[in-house]
Every structure is written in structure tokens, then in C-alpha cells.
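Student: Work the whole structure out from these sequences, hints included.
Protein chains: 2
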Amino acid sequence: MATGRTHRPATRSRGIPEATVARLPLYLRALTALSERSVPTVSSEELAAAAGVNSAKLRKDFSYLGSYGTRGVGYDVEYLVYQISRELGLTQDWPVVIVGIGNLGAALAGYGGFASRGFRVAALIDADPAMTGKPVAGIPVQHSDDLEKIIAEDGVSIGVIATPAGVAQAVCDRLVAAGVTSILNFAPTVLSVPDGVDVRKVDLSIELQILAFHEQRKAGEEPGDEQPAPPQAAAPVAPPVATRTTAEGGRKGPDGDVPAVMPA
Amino acid sequence: MATGRTHRPATRSRGIPEATVARLPLYLRALTALSERSVPTVSSEELAAAAGVNSAKLRKDFSYLGSYGTRGVGYDVEYLVYQISRELGLTQDWPVVIVGIGNLGAALAGYGGFASRGFRVAALIDADPAMTGKPVAGIPVQHSDDLEKIIAEDGVSIGVIATPAGVAQAVCDRLVAAGVTSILNFAPTVLSVPDGVDVRKVDLSIELQILAFHEQRKAGEEPGDEQPAPPQAAAPVAPPVATRTTAEGGRKGPDGDVPAVMPA
DNA sequence: CCATCTTTGTGCACGCGTTCACAAAGACAT
DNA sequence: ATGTCTTTGTGAACGCGTGCACAAAGATGG
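Chains A and B supply the protein sequences, listed in that same order. Reminder that position 116 of the first sequence reads as 103 in my numbering, one-by-one numbering, no gaps. Reminder that position 157 of the second sequence reads as 144 in my numbering, one-by-one numbering, no gaps.
Hints listed in this document are in silico derivations from the structure and should not be mistaken for laboratory results. The model shown is predicted, which means the values in this text are computed figures rather than measured ones. If a hint is listed, it holds; no wrong ones were tucked in.
For chains that are exact copies, the list does not tell them apart, and a pair is met inside one copy or across any two.
Derived SDA-like pairs (lysine to any residue); straight-line CA-CA distance at most 20 Å: (1) Lys121 <-> Asn90; (2) Lys44 <-> Thr28; (3) Lys205 <-> Pro82.
Tutor: Pasting the structure below:
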């Protein structure tokens, strides 16, 4: 879950469970694909398979939206697409600003997934004066000095942060002060925001580390249930004492950040 | 959570809870920052604040790793960095291949977060012959014909998919067949893999849609607890009944996938 | 050596999320 | 109409994750 809710009691009084909300986009994608193939109806079983979830879960998810299915038949594809779109707020236009037009920011600007679902890139913002005016993905980059003005004029409420970690919090603060209430953060930092502002984070490094954990476990299992990890109690593995834990022959974390070893 | 486990019973016999594993990288980052500032020890309270979590949760998380703290004092920063790194498997070298060197793939190739934590970009792979040999982020792109060879030679077990959705499953299949057992998927598709292979997905579009949902709710609340969404009970929107949901209107999306609104 | 103070480690309770399993609802054929 | 068959919608049980609150551990000072 590369996500990170920040507060909010839970799911709201009579609302839809958070876990369900997170799956709705998945269902929507599968339904849209069916819609394009002109499939009129689908059963929970079929749709669940397409979305990669359990059919019981899918039915329960839909039950939170209302009774949109027909027993013995299934769900009307078009109708469901509409209902989910409406529930997610995709029937309205959401202007989005992307701050930090480096490699990643540029990739995001050109990402088709934005435009295709009600999201509109209202502006690209970067602090580098050399970037100002330069078109990226067909949109001219604007200087961060104008951040507040841009947000106010376009009524932007969603901001995407693709800046270096060091300035992410500062950018976040300015976005929030300017009126943004939802933030998608790609910078590897924990952002703190006032109540009422939602933050979701996408962190490539974290995802990789989670994969590495499972990968390591897989490798360590085959041999025969070997002791997964010497509880440090003993003396083995690089007793935190002065060792150099390979994988770090003296490399240097670009943004300051090394595997690091340890003196007991 | 932009994540997506695919199977696996839960957390493994005597292992660490999945939720905890997902937070370890977060702690590691905070600890690394402290380490660079030469802070010797830190309390659960301080570290929790830095990582943006609850201190009780943090202590419980660490308890799964062992008793690495000292009551009345806190945790030894360097020692904890080492323990977490080891637990996550970051003390070893993980060669990674990135498939699909478009905007996103290039951004990933240049992302510092990779190299900084034991991950090494072993190869960049793209199907476009025009890309072959061209250096991206200092690494020459290789043609996808050589995918199997590359993976075998470098002993790659982690693959990153940054291709268009249409070919993601095919690429995935090839990666798995070649020996990759962990995949980080950026393509907006549900990948199906055999047991034993882990898949995590990062989907920008989904994250935005979740934000839009909350944003819409925030907007709809102020007015005075207004009915958040007409429950459709009424007569409006296309009652699923007879409505033949025709053989499709004739809408068309870029990569197959449209906002999809609906004939009221 | 004892008292006090800080901070960890964890037992426990609670709530969310998942899954099973089945009754109810409706389509469809006869 | 009636019966059969399919598929939904959901009650109930279970398990994981979270957070409280406190006892135990150890540091520190006298």
C-alpha cells in the first residue's frame, strides 16, 4: 500500500469503507474495458476475475453503493460505470497542478491516465527559471513564484508533488495555504498537513524494499526452514560492531541516505 | 494503498506482519536521517513523530524484530538502522531491470532512491529498436529480445514494468518465465502471475481517483450535511431495467479507457 | 543500595476488512 | 402459473491491525 491516509476517523458516518473506495477505480477500469467491447452485463464472478479480486468482496463493495445488480443476471455494465464514476466524483472536472517538472514530473505530465478520467493538468510548476515557458507534454511550465495565483485562478484543489524531498514540505505548505486540499506526494518524505487535507503518497523506494523483504524470505526458505534471521542475540552476522555490510562499498545516497551499518 | 498483494496466506508462520513490513522502510528513512545528524539514540515517541505514525504502533512493530530498545533510554539509532536493513534484505545487492523506457521508465532509471538502498539498475529494456544502445541515465538501453539473457546473466529477481498497459502482461509473463519472482508494476493493468511471484502495483490514476472521492465528499459536506449522493432510488439515471443498454454508444478512449459519463 | 523517573514491551479490547455460505430475488422455460 | 436455475445481497464468523494503558526494565541520582 503505497498509500498514506493522514487522519480522518475512518470512513465517515454513513459512507463507503475506505478499502472499498480504493477498489472502485479497479472495478471502473475493468468495466470500462467491457463497455468498449460492448458487453451489456457481467456477473460478479466475471468482473471479479477481471479486477483481480474475490467475487464476494466485489458484491459486498457494490452493496455499499446500492443494489445495482439483477439477481440471476448480473450487473448492467454501462449503468455501473456511471454509478461508480459518480461516486468517485469523476463526472466533474478536476484541475490538477504538478509541482516539480524533473524526470518524474515530466512523465506524469504526459501520462494519459490523467486526462482520461476527468483529471485535467491545469499547470506545470517548477522553481527553475530556466524551465519557465518551456513546454512539457504540450503544456508550458510556469514558475513557482506564481503558484498561489495559478491555484486561485483555476480553482485547483488537487496538487501533485514531484519535487526533491528537501523542498516537498515547503511546496506542500504553499499548496495548502493556497487552497489545495488533496495532495499526491511522490517525494520520499512524510508530509505534515493540517486537518481536512488528504495526502496520499507514492514511494518507489518503499515498494522495492517491500519486494526485497519477500524476495529475501523466499530465498531463505527453500534450504530447509533455515533460521530466517539470527536474532542478533548470538554473535553471527556482522555483529553490529564495525563491519561494512557489503551492498554499501562506500556508495553514497544521492539524496543523503545510506544502508548504514553499526557499532554495537 | 497503491499496493496489491496477490496471494500468500498472510505473513508467514512466525514472521512479521505485512503491515509492519510496509512501515519498516519508513522507519529506516527516518533513522537514516537521524544517523546522518549523528544522533545516537531516539525514543519511540520521537521516531514515531518523524515517521508519521503512532508511537505505540512503532513499538509494537519493533517488538516483532526483537527487543532492540533500552527502557528509560530509547533505541540505538545505528543499531536499529542495521537491524531493519538486514530484516528488509537491504544488506545484499538486488539487481533490478526496468522494462519500458518511456517517460516513466526514464524517470525511474534516474531515480536516486533506487541506488541508495541496495538496489542496482542492472539493465534498461525497451522494445523499440530505435532506443537500443541509447544511454538513459547513463545506462545503455537494451532490446527486449535479449530480456531472457539479461535476466539469466545478472541473476535478476526483481523486475519493474513501465510499459503501456497493452503489453504489460506479456512482459510480465516473459519476466516470470525467465526467473523473476518479484514485480513492481506501473502499468494500469491487473497482472496475473503464478504462485510464488509477488506483484506490487503503483497506479497514479487510482490514487488520483481516491483523492477525488474524498475531495468530492469534502465539497458536499459543508453545505449542511446535504444528501451526499442521490441514491438512485428515484427514477433518474438509467434504470437498469429493460434499457437494453444498447450496443454501446460509440465512445472511445485513448488507451481504452474513458471518463465515461452517462445518458441521464 | 534504594528510590525515582523514564521509556520500552505487551496484554487486551475494539473495529475494520475479508470470506463463507445461504436465503431471497428474479429470469426463463414449460 | 409454476418450477427450476442462476446470481445477487448480506448475516455471521473470523482474523488482522490499531491503540490504550500499564507493568516491567533499566537508567540515574542520592
